[in-house]
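Chemist: Each chain, written out:
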Amino acid sequence: MRCNAAALAVVLALPGAAAAAAPLDELGSHQGQVVYVDFWASWCTPCRQAFPWLQAMHESYALRGLSIVAVDVDANRADGERFLKRFHPGFEVRFDPSGSLARQFKLEGMPCSVLIDRRGNVRFTHIGFSDKDRITYERQLRELLDEP
Amino acid sequence: MRAQTLIGALLAGASLMNAACSPLGVRPWQRETLAREEMQLNAEPLDRAIDDHLYFSKEAAAGGRSFAGGGCGCN
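First to last, the protein sequences are chains A and B. So for the first sequence, the working numbering puts the first residue at 1; every next one is plus one. So for the second sequence, the working numbering puts the first residue at 149; every next one is plus one.
Next comes chain A alone, as it looks inside the complex (with noise of 0.2 Å):
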């Protein structure tokens, strides 16, 4: 999987979630930032539990300049949309209904995460989500947001 700055564009160029759609100078407010784009479904088990990490992390470091931005892949936006109304999420929430951007980054399982440096460099990529991984997923956040 490959992705870059360009690419986060384009993941925030998708339409967002009512309640969570960012202003339009968006990308602006990305800029060194560690960005992580997570790729989920509604009907995908690991999905479901990873969004309650995905809060805890963004409550955690949203301050220290993480911003989770999740994508659903969802070919019915409705069903995403319901899911959500059970999660509500803190963080960005983008559609892609069509999977244009899930085939743009060959995502190879769900969910599927990019984790994006200060710079716009990605510099880990997950697939799959379970207790075991929660320890890993944060060191590896903890990392990049220790990076100047």
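Hints in this document: simulated from the structure, not taken from any laboratory. Incorrect hints may have been included.
As the list claims (entries may be wrong) - Calculated lysine to any residue pairs in the SDA-like style (CA-CA distance at most 20 Å, straight line):
| no. | chain 1 | residue 1 | chain 2 | residue 2 |
| --- | --- | --- | --- | --- |
| 1 | A | K132 | A | P46 |
| 2 | A | K106 | B | R175 |
| 3 | A | K106 | B | V174 |
| 4 | A | K106 | B | Q178 |
| 5 | A | K106 | B | E180 |
Chain B: place on chain A using the hints.
Modeler: Here is chain B on its own, set in the frame of chain A:
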């Protein structure tokens, strides 16, 4: 010359037929229908776990049954 043309045409035909198969397959983000409970080969997880344990104990081999974790292809 004619034989060479025939072989060339056969090769081109074969590669076209191969290429025709390339778009087949469900991508990970398209597994919504496959992830549904009624699409599982066995809808009873406990029953399946017991069967798997028996199989593993007898054959010293495991896996190959289906996707775990709701068809996400991640576990």
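Chemist: Hints first: check each against the structure and report whether it holds.
Modeler: To see whether the hints hold, each was checked on the structure:
no.	hint	result
1	A:K132 x A:P46	12 Å, holds
2	A:K106 x B:R175	9 Å, holds
3	A:K106 x B:V174	13 Å, holds
4	A:K106 x B:Q178	13 Å, holds
5	A:K106 x B:E180	17 Å, holds
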